[in-house]
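Peer 1: Listed below, chain by chain, are the residues.
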Amino acid sequence: MELPILLDQLFPEGHRVAVDDWLVSGEATLGGQPVAVLGSTNHVFIGIRESLALSGKLLDIVEKRPGIPIIMLVDNNGQRMALDEELLVLPEYIAHLLRAQQLARNNGHKLIAVVYGNSIAGGFIAFGMLADRIVSVPGAETSVMKLEAIARVTKMPLEKLQDLAKQVSVFAPGCENFFRMGGLHEMWTDDFSNRLQKILAEDDAQDTRAALGNERGGRKAAQAVIDEVRG
Amino acid sequence: MKLTPRISFYEASARQRVAGILDPGSFREILPPTEQRISPHLGMFGAPVAFDDGVVAGEGTLDGKEVYIFAQEGKFRGGSLGEVHAAKITGLLRRAAIRKPAAVIGLFDSGGVRLEEANAGEIGSTEIMRAILEVQRAGVPVIGLLGGSCGCFGGSGITSSCCDALIASEEARLSVSGPEVIETVMGVEAFDSHDRALVWRTTGGKNRFLFGKVVTLVDDHIPAFRAAASALIKPSEPLTVASLRAERARLAKRIDEYGSCTDARQIWQKMGLDADRVPDMTAAELTAAKPA
Amino acid sequence: MSSPDKVARRKEKLDRVAKVFGPSKVIPAERTVEFLELILSPGDRVVHEGDNQKQGDFLAEKLAQVDPKKVNGLKLAVSCIGLPEHLDLFENGIAEVVDFAYAGPQGGRLAELVGNGTVKIGAVHTYVELYARYFAELRPDVACLVAIDADAEGNLYTGSNTEETPALVEATAFGGGIVVVQANKLTDNLRRVDIPGEWVDFVIESPKPFHLEALFTKDPALLDETRILMAMMAMKAIYQKYLPKVLNHGVGFNTAAIELLLPTYGEELGLKGKACTHWALNPHPTMIPAIESGFVEAIACIGGEVGMEDYVASKPDIFPLGRDGSLRSNRFYGQMAGHFADMFVGATLQIDPFGNSSTVTADRLAGFGGAPNFGAENRARRHLSEAFLRAGAEAHAGEYMPQGRKLVVQMVETFQGANNPTFVERLEAWDAMKTAGFAVPPVMIYGDDVSHIVTEEGVANLLLCRTMEEREQAVRGVAGFTPVGLKRDHAMVANLRDRGIIQRAEDLGIRKSDVSRDRLAARNIHDLVRWSGGLYNPPSRFRNW
Chain C
3 MELPILLDQL FPEGHRVAVD DWLVSGEATL GGQPVAVLGS TNHVFIGIRE
53 SLALSGKLLD IVEKRPGIPI IMLVDNNGQR MALDEELLVL PEYIAHLLRA
103 QQLARNNGHK LIAVVYGNSI AGGFIAFGML ADRIVSVPGA ETSVMKLEAI
153 ARVTKMPLEK LQDLAKQVSV FAPGCENFFR MGGLHEMWTD DFSNRLQKIL
203 AEDDAQDTRA ALGNERGGRK AAQAVIDEVR G
Chain W
83 MKLTPRISFY EASARQRVAG ILDPGSFREI LPPTEQRISP HLGMFGAPVA
133 FDDGVVAGEG TLDGKEVYIF AQEGKFRGGS LGEVHAAKIT GLLRRAAIRK
183 PAAVIGLFDS GGVRLEEANA GEIGSTEIMR AILEVQRAGV PVIGLLGGSC
233 GCFGGSGITS SCCDALIASE EARLSVSGPE VIETVMGVEA FDSHDRALVW
283 RTTGGKNRFL FGKVVTLVDD HIPAFRAAAS ALIKPSEPLT VASLRAERAR
333 LAKRIDEYGS CTDARQIWQK MGLDADRVPD MTAAELTAAK PA
Chain H
125 MSSPDKVARR KEKLDRVAKV FGPSKVIPAE RTVEFLELIL SPGDRVVHEG
175 DNQKQGDFLA EKLAQVDPKK VNGLKLAVSC IGLPEHLDLF ENGIAEVVDF
225 AYAGPQGGRL AELVGNGTVK IGAVHTYVEL YARYFAELRP DVACLVAIDA
275 DAEGNLYTGS NTEETPALVE ATAFGGGIVV VQANKLTDNL RRVDIPGEWV
325 DFVIESPKPF HLEALFTKDP ALLDETRILM AMMAMKAIYQ KYLPKVLNHG
375 VGFNTAAIEL LLPTYGEELG LKGKACTHWA LNPHPTMIPA IESGFVEAIA
425 CIGGEVGMED YVASKPDIFP LGRDGSLRSN RFYGQMAGHF ADMFVGATLQ
475 IDPFGNSSTV TADRLAGFGG APNFGAENRA RRHLSEAFLR AGAEAHAGEY
525 MPQGRKLVVQ MVETFQGANN PTFVERLEAW DAMKTAGFAV PPVMIYGDDV
575 SHIVTEEGVA NLLLCRTMEE REQAVRGVAG FTPVGLKRDH AMVANLRDRG
625 IIQRAEDLGI RKSDVSRDRL AARNIHDLVR WSGGLYNPPS RFRNW
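As given, the protein sequences belong to chains C, W and H, one line each in that order. Residue numbers 3 to 233, in this note's numbering, belong to the letters of the first sequence in order. Residue numbers 83 to 374, in this note's numbering, belong to the letters of the second sequence in order. Residue numbers 125 to 669, in this note's numbering, belong to the letters of the third sequence in order.
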């Protein structure tokens with residue numbers, strides 16, 4: 003889904019969102035209340051610089067707009083794959099971005115991720131998957147790895163994988179699969195603004211995804227194992 | 083020249099590592115293999131399963147301090163994160179958030195998400211990350227140990243970087259995309275994954291130590307890991323705007339200073355080290371030579 | 125074409141070159157193809173220098189580019205068909221026949237090209253057999269050789285990897301042929317003259333250094349407990365029993381395990397000073413702990429090994445060093461040293477129930493290299509040693525004429541991989557014989573030359589077998605779960621075990637709990653560097669630091 007259309011549909015009361023190259027940031031009004039908007043566009047790759055740009059914006063929000071909800075708009079093609087990025091310890095930069103998200107959560111901000119473009123592997127982890135709630139809108143694509151690549155690495159015939167992908171949700175790309183695994187809380191097709199207000203009203207910042215995966219039948223072992231170990 | 087015998091962390095199994103890190107006899111495993119919590123997905127691919135799904139989790143003591151511990155088994159499917167594997171770690175961290183041991187110790191040895199369970203593994207890895215951040219919020223530190231034969235990549239690479247502190251040997255590898263993945267996607271010119279020296283000086287324990295993500299560099303010797311872990315047990319520092327601004331400034335400075343480097347040797351040179359010597363230095367030598 | 129007018133033809137070729145290039149011995153690299161077309165006549169025998177370590181890759185590449193209308197029908201002779209260009213020569217219609225000893229990396233393509241008639245094989249040789257024939261009926265018309273440094277007079281420094289250069293240059297220079305050399309560098313200051321310039325006709329500075337394979341570098345990290353068990357059984361059953369002083373180890377991981385166990389298990393067995401003191405060997409990095417532990421008195425080097433230069437240079441008593449301090453290897457002499465040694469320990473891809481072995485399979489004409497020489501009972505040996513006499517006493521017990529015997533040990537795991545048994549009822553060499561048109565199957569080591577077979581199931585002492593039937597059951601008795609092993613006669617095998625012809629780990633007093641990687645003197649390449657005091661400098665691809 004195109005970013006301007008998404009913004010208009012999410013925030014019909016108005017928004018002041020700037021796009022700087024790939025970085026989306028600003029504020030909007032929702033149900034008469036201000037919300038922060040932060041995200042990415044143009045299928046950017048999330049690398050060390052992107053991580054710092056996003057964390058800088060997050061820290062500004064936490065500092066200057068205490069407690070307001072943060073709507074995270076997700077569109078990326080994954081982590082930036084390059085030797086010079088890994089050389090400077092890319093996972094540390096992504097972990098820093100995750101810590102900034104946790105700081106916001108600790109300080110009472112609600113984090114809602116809206117996947118409207120691509121959301122792939124390490125990019126989705128860095129920005130989206132650690133939100134309180136994760137939703138998709140039409141046009142969203144989530145994946146860890148393409149089936150062709152899985153076939154290559156696991157040495158399984160592609161045809162067999164394609165066949166299995168029709169039966170189970172555990173490995174193949176696609177929002178439907180992620181939803182059944184509990185990786186997306188909701189899939190929206192319309193009425194975005196009202197749905198966003200409704201989800202913001204839910205008073206729960208717990209990680210409920212394993213339970214959702216169990217309910218929806220995609221991930222039936224995780225919640226039970228978590229409970230058994232947690233004791 | 084004779085060598086001092088070592089108890090290799092790199093070669094040991096997950097259970098041998100756990101036994102060597104904790105006080106003797108103190109380990110109590112939760113959901114041990116006898117409970118047979120196997121992957122519900124691997125069978126469909128005709129792949130073998132493990133009764134512990136490739137991760138050992140439990141509690142014990144380290145120098146008398148109560149700790150929780152998990153250890154990925156690199157010898158089972160590359161220590162990959164599958165549904166059950168991830169859930170065991172998440173459960174342990176949530177247990178720690180409630181019961182507040184002195185620390186959680188994570189022994190990482192993992193190529194990342196298990197591809198046969200890609201979605202479950204990826205979501206599971208972010209459940210671990212959230213659980214780490216939550217247990218830290220409760221004041222319990224999470225200490226990561228890196229030095230297994232599979233390295234620490236993908237979801238496990240990011241997960242380990244969420245820890246309060248990392249301990250690594252020079253054999254350790256830490257990155258998001260593994261060298262083979264970068265080579266496959268971007269071409270051999272971007273990263274020649276067969277050039278092992280290049281792989282290690284880029285992703286290896288020494289480079290991670292010189293940048294500070296790894297706080298203690300040890301020789302590949304389980305007692306050295308144990309001593310380092312024990313020394314690092316202290317309450318997790320709370321996240322604040324100021325602490326994250328400082329962390330961000332440190333990471334930004336790294337890009338300013340080294341962002342144009344294309345090889346670890348250039349970085350070490352800029353740090354004032356003898357770049358040719360770094361790979362051959364022992365952990366103690368490099369620790370002494372590391373710029374403040 | 126070794127016709128009687130060879131000297132006249134040589135002069136004619138040299139005059140042609142002088143007319144185009146002037147009197148200098150130095151030929152510009154960019155004009156190499158043009159130059160080669162002047163010195164090569166159709167039907168010439170061309171020796172190309174290339175073995176399993178060094179390869180004259182620049183000259184091979186240029187040879188493959190000559191115009192087949194001008195140069196064709198060449199008879200190629202090369203120790204190791206190691207480069208694709210060697211076979212390009214045939215596909216391009218430049219060469220017709222090849223004589224060689226080994227074809228490791230190109231073995232598959234060679235089999236294919238022989239099968240479709242593109243390549244004719246003169247013969248598959250051992251290294252020394254091929255060198256010897258260069259002095260007799262395979263005299264080279266042109267030799268394309270390799271050096272590290274050369275000067276304008278043609279003097280060469282060939283250094284650590286001198287290997288076969290002396291044999292090839294001597295056969296050619298004193299056989300009316302033309303010697304052309306690719307050198308990494310042209311310099312006025314050679315650190316040592318390995319080959320005098322008088323024997324060399326032309327030198328070319330190659331754009332990049334010649335290819336050098338780190339063939340003898342085995343990473344101890346890859347040694348599993350099966351290999352350690354086999355190594356311990358071999359050391360107990362053979363090394364400790366016969367106490368071989370002079371020996372050769374093959375390239376594989378099994379012997380690397382033995383090398384790494386010498387300072388630990390070997391010391392326990394009391395081998396130090398009594399066995400394994402003199403070697404015919406490349407400078408194996410896995411030998412460093414044994415050398416540092418005082419096991420080794422001298423090593424005759426067949427070749428060099430990448431990264432071992434500084435370490436070797438620090439051991440002048442053990443390695444053959446020149447006055448300049450660097451190693452000089454010699455493949456011909458090194459092979460002969462191994463031929464006359466007490467013991468050879470090697471590996472193979474297939475063994476039949478009579479102990480015949482071959483690395484040639486249906487789709488790979490791999491050749492044998494040095495193994496048939498190292499691994500042949502030596503009927504020419506006359507000097508005596510404890511090991512030689514002990515083995516001889518077993519092999520020739522009760523015979524009229526007492527004699528010694530060489531120990532030839534094959535160490536193999538019963539399977540090369542899943543569904544790929546090492547022990548087979550019939551060697552695929554029989555099939556290769558048909559496709560390649562040989563009169564007899566290309567066998568690497570004949571069963572009656574083998575003294576012992578070591579597998580993870582045990583050690584078979586073939587010296588003590590008195591009949592073909594006994595030998596067959598001894599082989600089957602250590603062949604594990606392969607079809608050959610499953611067809612054993614259990615009663616006979618039990619009898620052989622009672623007589624000590626077959627020994628299992630428990631018969632040797634080796635418990636499973638004794639078998640551990642903790643016994644290895646070095647667990648990885650980095651440990652070898654530490655043992656060497658930092659002098660061993662392994663290639664990048666072997667590092668994990």
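It is worth saying that the hints were derived from the structure and are not from the lab. Check before you lean on any hint, since a few could be wrong.
What the hints assert, rightly or not - The calculated lysine to aspartate or glutamate pairs, modelled on EDC-like cross-linking and capped at a C-alpha distance of 20 Å, are: (1) W:Lys84 to H:Asp434; (2) W:Lys84 to H:Glu630; (3) W:Lys157 to H:Glu349; (4) C:Lys222 to W:Glu117; (5) H:Lys398 to H:Asp441; (6) W:Lys157 to H:Asp642; (7) W:Lys84 to H:Glu329.
Peer 1: Which of the listed hints are not met by the structure?
Peer 2: Per hint list: 2 and 7 violated.
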